[in-house]
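Visitor: These are the residues of each chain, in order.
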Amino acid sequence: MKSTDMIRMANQIATYFKSYPHDEAVAETAGHIKSFWDPRMRDALYAHVGSGGSGLDDLVREAVAVLKRGSAEGQAIR
Amino acid sequence: MASIKQMDYGTPERVSDTQVTLDIDGRVVMVPAGTSIMRAAAEAGINVPKLCATDSIEAFGSCRLCMVEVEGRKGTPASCTTPVMPGMKVKTQTSRLEKLRRGVMELYISDHPLDCLTCPTNGDCELQDMAGVVGLRQVRYGFDGANHLKAEKDESNPYFTFDPSKCIACSRCVRACAETQGTFALTIAGRGFDSIVSAGAEESFMDSECVSCGACVQACPTATLMEKSVIEHGMPEHAVQTTCAYCGVGCSFRAEMQGDTVVRMVPDKEGGANEGHSCVKGRFAWGYATHQDRIYKPMIRERITDPWREVSWEDAIGYAAQRLRAVQAKYGNGSIGGITSSRCTNEEVFVVQKMVRAAFGNNNVDTCARVCHSPTGYGLKQTFGTSAGTQDFASVDDTDVMLLIGANPTDGHPVFGSRMKKRLRQGAKLIVMDPRRIDLVKSPHVKAAHHLQLRPGANVAAVNALAHVIVTEGLVDEAFVAERCDPVEFDRWRAFIAEPRNSPEVTEPLTGIPASEMRAAARLYATGGNGAIYYGLGVTEHSQGSTMVMGMANLAMATGNIGRRGVGVNPLRGQNNVQGSCDMGSFPHELSGYRHVSDDAVRSVFEEVWQAALDPEPGLRIPNMFDAATHGTFKGLFVQGEDIAQSDPNTHHVTSALEAMECVIVQDLFLNETATFAHIFFPGTSFLEKDGTFTNAERRINRVRQVMAPKTGKAEWQVICDLVTAMGYPMHYDNASQIMDEIARLTPTFRGVSFEKLDRLGSVQWPCNDAAPEGTPLMHVDGFIRGKGRFMITEFVPTEERTSRYFPLILTTGRILSHYNVGAQTRRTANVAWHPEDILEVHPHDAEERGLRDGDLVSLASRVGGTTLRAKISDRMPQGVVYTTFHHPVTGANVVTTEHSDWATNCPEYKVTAVQVTRSNQPSDWQVQYESDGIQRRQIAPASPPQAAE
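Here the protein sequences come in this chain order: A and B.
Note that the first sequence covers residues 3 to 80 in this note's numbering.
Note that the second sequence covers residues 251 to 1200 in this note's numbering.
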């Protein structure tokens, strides 16, 4: 996937959930990505965040942090 | 097998709490008040002679053949127009009636050709039958006087003829066109003896407004309106009940047969979805099933530039299994996947998704709903708790206000469109929210109360404005919300929607809808009685498709328009089995019954039955598959009955992805556009060869019955079983019924479904389980599936696809009545007579600015690609918006559409593409390339000559 497409898709999700209280928005954005994105797409997103996350909404970065933390702890987020 | 003739009770059924008891020919009969004497008699097994009456239309009382005697009444009233009364005593057969009927028949026959033996309707003619019933033995008047015997035939319609010499002016066709279809294309021209059925203003049927639904042909009691297929082949000798394979209405049909040849398809009066009505596609456009383009033998090739080579099933399956496993060995387990088809049965879809999950070992399965109604699945699940419409079609009969958004039912879902029109003629109000002036905005005897002609891409702003009015003007059904909905979610939604930025006045510049009109529409929906929302792809195919679905669900909950007849939120599904293909677990994140793959408990049930470990992670969606293919991580694809190279957006991207794959398998009737990129072709079966079920837009599971053996030698599900068995995962079923049994075992909403039950009941609507053994016509009656209804915040976010100096117009795409989806089926029928090519509708102002005239070739270009097609000047679209269809591959409408998609589901944004239109005199570069590649990539190597015997 082109990174521009990945960034746009992730930001679209964050933009939707931005209307909710911050913590909820972060959790919902993370949950949506976890529920609907294939692992290789998530890995690409993690890698992009890891290399600076250029173009990504802050909410996506926070969601990725939650996802990575959940992944490390073996938690399922839906 | 069904009998050829269905019982005709003469007049429609009446429903009443009051029962009336009367005496007919000495028999005591009890029927609902309002029933005609004719129907009461028929229900008691007494068939009163009739010609102008049939039970699909209201009584007319013109033929005077159905006269009866009623004790205590003067004269001989027509039994079709006389309602039953308590204590009435009726005689249907007396010497006086016999004499009168014989006289009436004598007059009819005096102006009717006596060519019964060579007449195409010989054996199925009501006039002939009635002549026999009344004992007609002579016609005293002769043919010397004026008559209609030499009246000219109209053979302009490709599917039926109109022979006025055989017309008895009973008006059944005229009334069927008006009452059943609602087109009002037919009338009786002239007076008295000169009375004649006329299409339009005495035009040919093809030149008139006739939509070729077949209702007139169905209603005709003689050979006046006759299917050309019957004229050609003769009368059928048996019938098989089955289900249409076109749109999501899912009409029930009787395939009327001679041996294993279909003579005609007749809509089934017992059909739960269509109740005896049909459209031009289902009724007539079935010839594709035996079209010369069909491929009956499996084919393979090493490279997509090689010619195809016909091989045995065994060789094709072995080759496919070997190539798929080779791809996995080289690129990893997740490098292959499959796409299921909404044109295939539930059973066929189920085995394909099972193949991907259990044999491929991943969840890379998706379905064509990705590009149409996936936002419906997401949005309704979030708000109501399940991914389906709330009502049955019959519910609209109790609707007072229809809110129709982004759908064009008279073209896309014609049989339901007719039902809507019927209700509108009875007085229901209509609000249309659509950029395009669809036919329902104004057509005979139908006029929308409000046409909210919004700008493409402004759906969410518009639905928010409607909700704002409902909330700020105190129109919320507080009792419903308090009882049925989550209070926390509701309170924050109410606060959000009440903000002034969501008001009709503030959103007017975004939507283009005058605030006063928006306010009036909102008040009508909220206060006009039962309000029902119907919607189509004009809602879902946007970057905010899912948000819009949730916005509509919010509206319905806020006004209490959920959980009873006449209300609800109703997606009009595009293809025949979109609902079913989604139900069957075709989405990469969900197993059948919409349960997430990460749910360990659910997965373990499947693992036990399937004897395979299942991946708990979601797989790739269709657009993600294309992205992964171009990125080199996705290399093999099984495509069941879909034509992604034509139907999916940004054709360049799709075809590049297909070219990048090392194993593409297509299972289809024809060498479609996707097959030009395939390495293996498995010939598929038409709906006439299938045994299984389709699930329509109202969750109705209908039986699809085999009327002829598979012309390929194998059912499609058998091919899948053979393929996965060759891949090392043994899979076997004796028949399709066993597959449904497995679906029922694994899917709580289908637990009570079986072929035996469907054959017994006709159809059921899921959920069908212990709690609802005969199905569930209406959902969320006592509570939402998810418990409390969840209001979702629906902030308007403009699409990133914007017009510019270079691309100043917005293109939106859709479909028309005579064609279906990519046209693979309908282009191979006489339906091309109505729509031989895709055309671009351009507003007169935009045309004038560009110097375009009606019929000009024009270049249609977006930032991703361009094509050339013919323009039609039309003010159905607002200025600044152009419209086309995608039924013809040579047009390449999706060469122009872009990668933008719905935020939640990746459903493509077909409805908003910034384009420019200019005059042209040549095909686009893409079209030139398409023609040359298509010819090369469809070549089939000549069969090897048989070896001479040694």
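Everything labelled a hint here was simulated from the structure, so no lab data went into it.
Incorrect hints may have been included.
To be verified - Only pairs whose alpha carbons sit at most 27 Å apart, straight line, appear in this in silico DSS-like list of lysine-lysine:
#	chain 1	residue 1	chain 2	residue 2
1	B	K1122	B	K692
2	B	K1007	B	K255
3	B	K1007	B	K964
4	B	K339	A	K4
5	A	K70	A	K20
6	B	K339	B	K324
7	A	K20	B	K1122
8	A	K20	B	K339
9	B	K339	B	K697
As the list claims (entries may be wrong) - Residues on chain A that point at chain B, a partial pick, calculated with CB under 7 Å:
#	residue
10	T6
11	I9
12	Y18
13	S21
14	H24
15	E26
16	A29
17	S37
18	F38
19	V68
Backbone N, C-alpha and C fix where the C-beta goes; we use that ideal spot for every residue, glycine too.
Visitor: All the hints need checking, so say for each whether the structure fits it.
Guide: Hints, one by one, checked against the model:
Taken as a hint, the K1122 (chain B) and K692 (chain B) pair is honoured in the structure, with Cα atoms around 20 Å apart against an allowance of 27 Å. Of the supplied pair hints, the one linking K1007 (chain B) and K255 (chain B) holds, its CA atoms being roughly 24 Å apart against a limit of 27 Å. For the hint pairing K1007 (chain B) with K964 (chain B), the CA-to-CA distance comes to about 26 Å; that is within 27 Å, so the pair holds. For the suggested pair K339 (chain B) and K4 (chain A), the alpha carbons sit about 82 Å apart, so the restraint of at most 27 Å is broken.
Of the supplied pair hints, the one linking K70 (chain A) and K20 (chain A) holds, its CA atoms being roughly 20 Å apart against a limit of 27 Å. Between K339 (chain B) and K324 (chain B) the alpha-carbon distance is near 13 Å, which keeps this suggested pair within the 27 Å criterion. Of the pairs offered as hints, the one joining K20 (chain A) and K1122 (chain B) is violated, with about 43 Å between alpha carbons and a cut-off of 27 Å exceeded. Pair hint K20 (chain A) plus K339 (chain B) does not hold up; C-alpha atoms about 74 Å apart against a cutoff of 27 Å.
Using a Cα cut-off of 27 Å, the hinted pair K339 (chain B) and K697 (chain B) is violated, with the two alpha carbons roughly 45 Å apart. For the restraint placing T6 (chain A) at the interface with chain B, the shortest Cβ-Cβ distance is roughly 9 Å, beyond the 7 Å limit, so the hint is violated. Interface hint status for I9 (chain A): violated, as the beta-carbon distance to the closest one in chain B is roughly 12 Å, over 7 Å. For Y18 (chain A), the interface hint holds, the least distance from its beta-carbon to any beta-carbon of chain B being 5 Å, beneath 7 Å.
The interface hint given for S21 (chain A) holds, since its Cβ lies 4 Å from the closest Cβ of chain B, which is under the 7 Å cut-off. Interface restraint check: H24 (chain A) against chain B, minimum CB-CB distance 14 Å, threshold 7 Å, status violated. At about 10 Å, the closest approach between the beta carbon of E26 (chain A) and any beta carbon in chain B exceeds 7 Å, and the interface hint on this residue is violated. Violation of the interface hint for A29 (chain A) is found here, the shortest Cβ-Cβ separation to chain B being roughly 15 Å, above the 7 Å cut-off.
Evaluation of the S37 (chain A) hint against chain B yields a held restraint, the C-beta minimum of about 6 Å falling below 7 Å. Annotation: F38 (chain A) was flagged as interfacial toward chain B, and the flag holds, the nearest CB pair being 6 Å apart, inside 7 Å. The beta carbon of V68 (chain A) comes no nearer than 16 Å to any beta carbon in chain B, farther than 7 Å, and the hint placing it at the interface is violated.
The earlier numbered hints that this structure contradicts are 4, 7, 8, 9, 10, 11, 14, 15, 16 and 19.
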